[in-house]
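Since the structure of chain R is already known, use the hints to place chain C on it.
The listed protein sequences derive, respectively, from chains R and C. This note's numbering puts the first sequence at residues 1 to 159. This note's numbering puts the second sequence at residues 160 to 450.
It should be emphasised that the hints constitute simulated quantities derived from the structure, not laboratory data. Not one of these hints is a red herring.
DSS-like, lysine-lysine: derived pairs with alpha carbons at most 30 Å apart:
hint : chain 1 : residue 1 : chain 2 : residue 2
1    : R       : K156      : C       : K243
2    : C       : K395      : C       : K293
3    : R       : K156      : R       : K139
4    : C       : K243      : R       : K139
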Amino acid sequence: MHVSISVNGEQVSREIEPRQLLVHFIRETPDLTGTHWGCDTSNCGACVVQMDGQPVKSCTILAAMCEGHEIRTVESLEVDGQLDPIQMGFHEQHALQCGFCTPGMLMTARALLDENPNPTDLEIRTAISGGICRCTGYKNIVSAVRWAAEYEAAAKQEV
Amino acid sequence: MQTPASFEYERATSVEGAIASLQRLGSGARIIAGGHSLLPMMKLRLANPEHLIDINDLAELSYIREQGDELSIGALTRHVELEKSELLARHFPLFRDAENVIADPVVRNRGTIGGSLCQADAAEDLSAVCSAVKAKAVIRGAGGERVVGMEDFHIGPYVTAVGEGEMLTEVRIPLRPGGGSAHEKVERRAGDWAIAAASAAVWIEGGKIADVGVALGAVGPTTIHLSRAEELLRGKAPSEGLFAQAGEIASADCSPSADGRGPIDYKRHLASVLTTRALSRATARALHQEA
Chain R
1 MHVSISVNGE QVSREIEPRQ LLVHFIRETP DLTGTHWGCD TSNCGACVVQ MDGQPVKSCT
61 ILAAMCEGHE IRTVESLEVD GQLDPIQMGF HEQHALQCGF CTPGMLMTAR ALLDENPNPT
121 DLEIRTAISG GICRCTGYKN IVSAVRWAAE YEAAAKQEV
Chain C
160 MQTPASFEYE RATSVEGAIA SLQRLGSGAR IIAGGHSLLP MMKLRLANPE HLIDINDLAE
220 LSYIREQGDE LSIGALTRHV ELEKSELLAR HFPLFRDAEN VIADPVVRNR GTIGGSLCQA
280 DAAEDLSAVC SAVKAKAVIR GAGGERVVGM EDFHIGPYVT AVGEGEMLTE VRIPLRPGGG
340 SAHEKVERRA GDWAIAAASA AVWIEGGKIA DVGVALGAVG PTTIHLSRAE ELLRGKAPSE
400 GLFAQAGEIA SADCSPSADG RGPIDYKRHL ASVLTTRALS RATARALHQE A
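If we strip away everything but chain R, and leave its shape as in the complex, we get:
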C-alpha cells in the first residue's frame, strides 16, 4: 500500500506492507535513524516519537495508521545548530551514558514540558516511567528535565 506521512514537517511517501511498524518506517527514511528500535514489546520506550504532540511508542503503531498525523522524531529537536533546552539539560546534567534510551526520553520529556512547563519531580518520574534506562538510575534524567524547565522559565521571563 502507499502511505504518505508527515515526519518532522516533511511528507514522506513510500510503498509499504500494511504490517510495517512506524519505527521501521521512520528508520528506513534517510537521515532518520535517531529513533531507536529497542524491545519491540512497548516496554522500553527507546522508540518513543510524538504523534500530534503526544509521545507514543512507534514499535506498537502501524505506519499505515499514521497517514494524516504529524510525527516528530528526535531529529526535530535541534534547529539550525541550536539544541532544544531538553537536549541542553541532558548535556548539562549528564543524563546519558550509552545513549540508547535517550531519543525516547527526549521526546517524552519534550511532550511533558509542552503540556506542563513546571512539573514536580514525581510528575517527571511518572512521565518517563514508560522508558527504561539501564545506565543512569534516572536521577540525572530527572535533573535534566528540571534543568530544561527552569531554563525555559528563565528564557520566558527575559522576553
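Structure of chain C alone, referenced to chain R:
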C-alpha cells in the same frame, strides 16, 4: 525482529462502514484501535487477523458523558482521557485509581477502553473496574445494538460476547446516589500487569450497603465476579470485619495459577488483602470520609 504476519489494512470512516467491512470479511477481520494489546499479540502470532479495520478516525466513538441516569463512555476513549476526566473521577474514582497504574503514560496515550475490554485478558484492569461498577457493553452489528452486562461480556480468556460482524461501541454505567468505588493493584514494577488486582464499588443507603460490586483481575482465567462476596455484603452495615470476611471469600473464590509473578498462595493472599482494601476505600469515598 518482531513483525506481525501479513494482513490487509483498511481505515473505517464510519461505524456503519466498519461493521459492513466486518460482515463482508468474516472471521478473519479484526478491529484495531490503539493496537497496544492486538499488535503485541500479532507479533507473537497469538492473533493472526487477515484484515485489520482501523477505527482511529471515528471521533464519534471518543467521549465520556452523562446521559440521563447513565454515564456513557465511547469505545475509542483512550486511557489518558479516562485518567484525566473529572466527570469520571467524580462518579467513579476507581477509574483513575486503575488508570494511574495501567501500563505507562506513553502507552495510555494510545490504548482505549474498548480495546482493553475486547482483549479480555484476565489481568487487564478495566475489565475488573467495569464489572465492579456494573457497566454494560453496547455491541453494534448490522441488525442494530444489543446491551450486555459485564457478567455476560467475558465468556472466557480473550473471548467476549462481541460476535462476528459486531463491534463494541460504548460502555454504559448506571448512575446511582450514595456510591463510592476503588481499585487496588499490586504489580512487580511500575507499568507491569497486575500480580493481583481488586475493584470494588458500594452504594450506601441509610448506613447499610444497598448494593455492591466486587471483581478481581489476574487471579483466574478471566476477570472474576465475586458474587458470593456481594451477597454477603448486601444489606449489611459496612465494617472492617465484614470487609475482611469478603476478603476471605475472594481468596477462596479466585483460581490463580503460579507463574513468574508469584505462587498460588501469595496470589490468594493478595486477592484477600486487595478486596478488603478496595471495599474499605470505596466505602470511605461513598461516605466522604476518605483520609
